[in-house]
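Student: Chains as they are written, first to last, in the numbering used here: chain F, 242 to 593; chain A, 307 to 615.
It should be emphasised that the hints constitute simulated quantities derived from the structure, not laboratory data. In this text the structure is predicted, and so the values were computed from the model without any measurement. Be aware that one or more of the hints could be misleading.
[What the hints assert, rightly or not] Facing chain A, from chain F, some residues (calculated, C-beta under 7 Å):
(1) 290
(2) 301
(3) 310
(4) 317
(5) 319
(6) 323
(7) 325
(8) 340
(9) 342
(10) 465
(11) 504
The beta-carbon is built from N, C-alpha and C at its ideal position, and this holds for glycine as well.
Spelled out from the first residue to the last, the chains are:
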Amino acid sequence: MIEFDRVSLTLGSFCLKDVSLNVGKGDYYFIIGPSGAGKTVLLEAIAGLHSPGSGRVLLRDEEITALPPEKRGVALVYQDYSLFPNMTVADNVSYGLRVRGMRKGEARTGVAGLLERFGIAHLADRYPGTLSGGEQQRVALARAVAVKPDILLLDEPLSALDPVTQERFIDDLRRLHREEGLTIVQVSHSRREAHLLATRVAVIIDGTLVDEEEAEVVLNTPRSREVASFVGIENILDGIVTANEDGHATVDAGGRTFEVVTEAAAGEAVTLCIRADDVVLVTGDERRSSARNTMAGRVVSVAENGPVAEVKVDCGVTLTAVLTRRSARDLALVPGIAVTLSVKATAIHVIG
Amino acid sequence: MPIAPPSREEHGLHTDMKTRVISGDLLRGGREASLTRWKKHRGRYVDWCIVGFCIMGAALVGITVLALASMATAELGNPAHLLEVALSSEVIHSILLTFAAGANAVLLLALFGTPLAYVLARAHPSRFKGVVESIVDIPLILPHTVAGLLVYLLFMRRGWLGAPLSGIGLAFEDAYPGTVVAMLFVASPFYVNTMREGFEKVPVHLENVARTLGAGTFTTFRTVTLPLSLRHMYNGAIFAWGRAIGEFAGVIMIAYYPFIISTLIYYSFTTDGIQTSRSIAFTVILVSLGVFYLLRRMTRCLGRHDDRV
């Protein structure tokens, strides 16, 4: 639907370098990256608010690099909502229709259904300054949807909301994406949101696009160490391949050997990514598991975090496992006790 | 071997004791100290710093108050003369002319100064922008006679702009347009700078959103940016108007006639003497205070949304 072809742009001290990406129709496209990586600028560039120094922007295969934002059919919702403080909620939502030449009364009836759907009909005559964060967010979203955009751009829409409101808003967004078939591009630094919503993910670090794939692929089998640590893979180990037989390789990482599945030849340096929920723990010294990598170790720490417990185990290298809090208590995991840890060879993602 | 974590009870006890120690000794002690200090001043705490500042400030305000008082006592002592001067057609005409010329200058400023202020507010910092900003500020730093001379040289009958404009029947020398253009020149920084501050306060995000919702640059300006800067526009206009109607040296060079109020006061000071000029001045003070009070009152119902931007 929208395509960036080697777009570079400089904005003060900040710059995007050679960014190429492709947002397909109906995608829920996530742009994730650490703070200050240039996500918002990228979003504004899609909206046409910054013109690139070089490169091309294409919309449905037509070049729109120089097309002003009002002609792109792209609606933008900022993190700070940016509601017009001089207009009521209804006037905010109907703004897009009015600037397209619709009469005020007509526009207001036009958005009545929308206000109803977003649960803000009772706020229609209030001014934004008197609304709560969650209400403002819904008004901002309704205002953007009102113009029936081809693409909806969301700039960290959840970060300013409290956790309960966040959950409700995530549901709203999911419904909007599924039921309307809307193409959504969302900027976020939260991996959790990406896990919950994204169909496709781009990772941007320091103004450079470092990875762009299906959400599953980026989040579970990232292409680089940088991305792996950013998407929150708990165990990242550097090692060297010692032997490889038909793709079944042995990797020496920090004094421990791991059996993995990879094409990397013996002698090559690789990075192993192991998700914490792929690490299985049993107490004691029994080796019953059918997994290829089984090793003994001692619990270093147990941190309970809501319904889950994060357990760090020292077995030559320190690995993190995630259990439900219930099972961590059943196993009586406390620092110092001996455990056996196992990881399936296929659960280890190898970055060559 | 499992290592037992500290039990809940033990843990709780420790923190309890800690809180007790802190609240018991430190906080209570501090409160007592401040209480004794309070009592020393018989229930009244004196902040000598603020008292000092007030005395210094009063000296400054005192000058204005004394000056007004000295004029008011003289004038109110002879109300008949004051009334006679205040109601003379010469004075009324001059006051109206001054206010009208000032308003005219402000209107022109609003028309040409608002776009300039917007461009300055949104332009990225650059040497060119700095130069333009300095040019805008020039009337602020020039002696008024210099400003008057500048206006005269440009708009006199043989001036660069005066010559072609007098060709189409627009004369500036000793004429109403001359008054307006001189006022415009000296008042322009007040309007442009205030307006620019107002535009700078409107978040660019609001404009960006309006753009993506389908509004062109001008529609965005008209429906979002300008309404949110109305209060600054109004304040800038009042500043500029106040500056314009008070101008003397800037105006007399290009337009000694028709008499604006400053010129009239100076003229009667040098010809009729102190009594008449004082009565005119007092009339002007009363009228100006009244008008500015009204204008300030009107701000209250204007641009309330500015605060929430």
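Student: Evaluate each hint against the coordinates.
Tutor: We went through each hint and held it up to the structure:
no.	hint	result
1	290	5 Å, holds
2	301	18 Å, violated
3	310	4 Å, holds
4	317	4 Å, holds
5	319	5 Å, holds
6	323	4 Å, holds
7	325	6 Å, holds
8	340	4 Å, holds
9	342	10 Å, violated
10	465	33 Å, violated
11	504	44 Å, violated
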